[in-house]
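A.B. asks: Keeping their order, the protein sequence lines are chains A and B.
If you use our numbering, the first sequence corresponds to residues 28 to 216, in order.
If you use our numbering, the second sequence corresponds to residues 28 to 216, in order.
It should be emphasised that the hints constitute simulated quantities derived from the structure, not laboratory data.
For chains that are exact copies, the list does not tell them apart, and a pair is met inside one copy or across any two.
DSBU-like cross-link-like pairs, simulated, lysine-lysine; straight-line CA separation at most 35 Å:
1. K53 <-> K104
2. K42 <-> K53
3. K29 <-> K104
4. K29 <-> K42
5. K104 <-> K117
2 protein chains.
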Amino acid sequence: MKRLTPPSLIVTPWKIISSKLALPEKWFTVRRDIVELPSGRQVDDYFVWEAPHIVMTVPVTAEGNVIIVRQYRHAIKTITYQFPAGAVDKGETNEQAAQRELEEEAGFQAESLTHLGCVASYATKVTGTMDIYLARNAVAGGQRHEDDMEETEVFEITPDELRELLSTHDIQQADFVAAAYMAFNELSK
Amino acid sequence: MKRLTPPSLIVTPWKIISSKLALPEKWFTVRRDIVELPSGRQVDDYFVWEAPHIVMTVPVTAEGNVIIVRQYRHAIKTITYQFPAGAVDKGETNEQAAQRELEEEAGFQAESLTHLGCVASYATKVTGTMDIYLARNAVAGGQRHEDDMEETEVFEITPDELRELLSTHDIQQADFVAAAYMAFNELSK
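Looking at chain A on its own, in the form it has when it is part of the complex (with noise of 0.2 Å):
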């Protein structure tokens, strides 16, 4: 790695002078910081979502076929291909959730979970990160959670439709698409 821009030249955080809410929603809670910047000037209105640390599950079934869900998803208007993923519950491990997320979505249960990664979605302007596992011999069981504000279709796909499927211009979810990739990385090892 080749560093282009001036060794002095280092980034660093900023400094939280203060900080209030801005949106006190229970499902929406944004805060409003008074922040320093490296160069010293305040900002008075940085905005941050409050979000809620998630889940995420890419289900992979004895003969290496892939369980995937569709959902409607309202901020974009549109529907679109996912992983099982959920907000962790209080008590529970990232484990349990990411298990529980996979039976109450998809009706699957896995053998195992391999830690692939974590991500940030909208790392400057929302907190919720995700951490997202590799379940391995995913099968039918459990008892789906049928949500009506969470419709969801389930499918079995091969790895080259759902390759397929990530190559397609129509609009993805960027951690659908990170985690796929993720999980095709730790299959190959």
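Position chain B relative to chain A; hints supplied.
C.D. replies: Just chain B now, with coordinates in the frame of chain A:
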């Protein structure tokens, strides 16, 4: 692709009954939708952040190296690697904005842009989507624009180094991972 849920289960978009501003801030505009779900149930407090449309470039030099930047991301309080990206200004095309951001952030100009795809970073809650371009034959040139809210270190790395960077378990931005793999795919064609 094999459908596992019954054919009668078809995901459908929600109906917006009404929409009003919940946080009318220039840099973080949140609206509150009253929506009707496919079940017929009405939800009175679905919040959506109206984020700008973004363009991102994956700049590749004639030698096949990749240009990346390193910036502080306040919401996750972490310094991350990323590709040059930014919002499309009024009156600009996606391509113009992509070239401008590439020059301002990284100090590079590209011979041609190839559209790799369009991703959403938080599709349930954030409107803004991102068009991703491969920027071929990127050369140092133009005028970097030093912005104290966007301190930027610039690096040139080999594709192998980039693959290694992507495989770390540190927090990474989902769109960075997605764009990198989209670019690898396009370059291997």
